[in-house]
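A.B. asks: Read off the chains here:
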Amino acid sequence: MAVQSKNKIPLIVKIFVLSVLAVVFIFPVFMIFSKSLMTQREATAFPPLLWPREGGVHFENYVTVFSIFGNNDAGIPYMISYFFNTLLVVVLSTVGVLFSASFVAFGFCKIRFPGRNAVFMIVLATMMIPSAVTMVPLYVIFSTLRLTNSTTPLWLPMWFGGGALNIFLIRQYMMTQPKEILEAGMIDGAGYFRQYFSITLPNTVPILVAVGIGAITGAWNDLQGPLTYISSREKYTLTMAVSMLSTDVSLNINNTPATMAACMYLLIPPCLLFIFGQKYFIESVVMSSIKG
Amino acid sequence: MRANHSKAAAPDNGAAALRQRLRSPERRRADRRRTAAGYVFLSPVILGILLFTLGPILYSLVVSFTDYVFLQDATFTWNNFANYTGMFRIPTFTKSIGFTFKYAFVSVPVSMCASFFLAFALNKPFVGMKFFRAVFYLPVIIPVVASTIIFKDMFAQMGIINELIYRLGFDQIDFFGTGDRAFLTLIIYSLWGAGGSMLLWLAAFNGVSPAYYESAEIDGANGFVKLFRITLPMVTPMIFYNLVTSIIFSMQAFTQVYMLTNGGPTEDTMTMVFTIYNYGIKYREIGQASSMAWFLFVIIFGMTMVVFRTNKWVYYEGGDA
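Line by line, the protein sequences give chains A and B. Numbering-wise (this note's numbering), the first sequence opens with residue 72 and increments by one. Numbering-wise (this note's numbering), the second sequence opens with residue 74 and increments by one.
Hint data in this document are derived by calculation from the structure and do not stem from the laboratory. For each residue, glycine too, the CB sits at the ideal point set by N, CA and C. Mixed in with the good hints there might be a few duds.
Claimed, not checked - Covered by chain B, according to a simulated footprint, are these stretches of chain A (three or more residues, beta-carbon under 8 Å): (1) 99-109; (2) 134-146; (3) 151-164; (4) 269-278; (5) 281-294.
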């Protein structure tokens, strides 16, 4: 590659420009971290500080954040319930997406029967419907069922197909598997459920990981859902609690460092997921946008 | 990969085959069993669509012709098209229509352009390519709730951005003070997330066959010719598809606006979904909220048709098993 040596100087310029941009892109995340280590006075100082000064770093903000919402009747900090609520939603919705989407995808691609393609078209058509249209009636439905003010509306729908896009992606993946495996299973007398569970599902793991990562981050980051369905404070999710710290003046919690520590708790899990599952993470983003 | 799909052409809707099949009772029983099994497998999604999509849509359509206030009125009172004509007399809503269009049609193309340059610079391997890609993608991973809180802090009147502007010798800016500036702040925030579309550009670049570049090089084409004559024309269909879907997505912006400007100042940055949320969930005027949601749906449906018309979707590629 003779071209490379010719491009030495532009390469240095390119790396310099990219480095400057990288600093700009990382800066807000650095500021969250830095402010989470300050005292309240330092965090709101003018002119603003880049890094805690006099007293050094204050990691205790990561503990005090648990007490800023107070305790519930049982004496447990609300913040712990928020973690628990979020975890519950993340686990239940992810398991729901993975099981129901793969189950339905199996029906769409491994069994031939009349009406299958018509149903598939309807499933795809639901992708066009903006969530804004269903937001209000879903709120009415869950409210009538007395399920608002609980985390149930946030994960229950995931058990019913897990989203058209996920069904589509898993179906595409299943179509690449050789038919012979299932035919061998059929000769051995395995019914469709056995075929799905013990033959197809284990061979679908890579796409399930990608879909699962999307489901986890979607549930973990969601704010619109909790804002719609939840109003009493012991049922908040983590995102909702943190958003309250920033938007609800009536809470009267002026603890910037603790708020930033809460933000760190919020952003660390997705970052870890990205670091350890980078390949699948990027796959899930690219796949869900290119399609087909 | 494709060989196993050759069975897709099985002649089981040919008339002769059908007659043959109807004659054999055990074959018919097997067909019935298979159909039953098929619908068992589809039952979650069929139920899901009925309960969580079709049902709610029908309810929403019916209620949009009433002035029903949830938890307050006992029955529906029809008001015909009053919600549909009335919503254009609600300043909050008409303002939010304008802002939603402005936001979607500025933020998406702007970050698409910015991300093109990122992707172009990070397309070919060099020292640190992977590191830079990860860094620019980082904002997409950070939950919106967390990143908007720090943006609000940084862009505050006494925040660190204004300190920088001051040190550079300019006047401080109230980034949330007027509608236009709050809009600018939202655009800056969406630019920070340009790493998402960078990934799309990279994927598109990756899809262009190297053979084109090789033959162009033989003909003596330079970098610019290759970019404008090969790369851009080749990636245009995919990028256009993603441009329109991203705009559709941004037409439904809520979280970042709710967190960053809360629709302010004086409702200048309210989006349509935010207004629908306020009317439907906060004020419980679900009749009015539903009519607004249907208005948004019509707009989005129109844009979806653009995608359908201009792109060949390849859903059936690969046949079926």
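A.B. asks: Under a C-beta cut-off of less than 8 Å, do 3 or more residues of the stretch 281-294 of chain A approach chain B closely enough to confirm the stated coverage?
C.D. replies: With 4 residues close enough to chain B, the hint holds.
A.B. asks: Counting residues of the stretch 151-164 of chain A with a beta carbon closer than 8 Å to any beta carbon of chain B, are there 3 or more?
C.D. replies: violated (count 0)
A.B. asks: Closer than 8 Å Cβ to Cβ for three or more residues is the test here. Does the stretch 99-109 of chain A pass it with chain B?
C.D. replies: Per the Cβ count (5), the hint holds.
A.B. asks: Verify this for me: three or more residues of the stretch 269-278 of chain A with a beta carbon less than 8 Å from a beta carbon of chain B.
C.D. replies: Coverage by chain B is violated for the stretch 269-278 of chain A (0 residues, Cβ < 8 Å).
A.B. asks: Taking beta carbons only, do three or more residues of the stretch 134-146 of chain A come closer than 8 Å to chain B?
C.D. replies: Coverage by chain B is violated for the stretch 134-146 of chain A (0 residues, Cβ < 8 Å).
In the structure shown, a violation is registered for the earlier hints numbered 2, 3 and 4, in ascending order.
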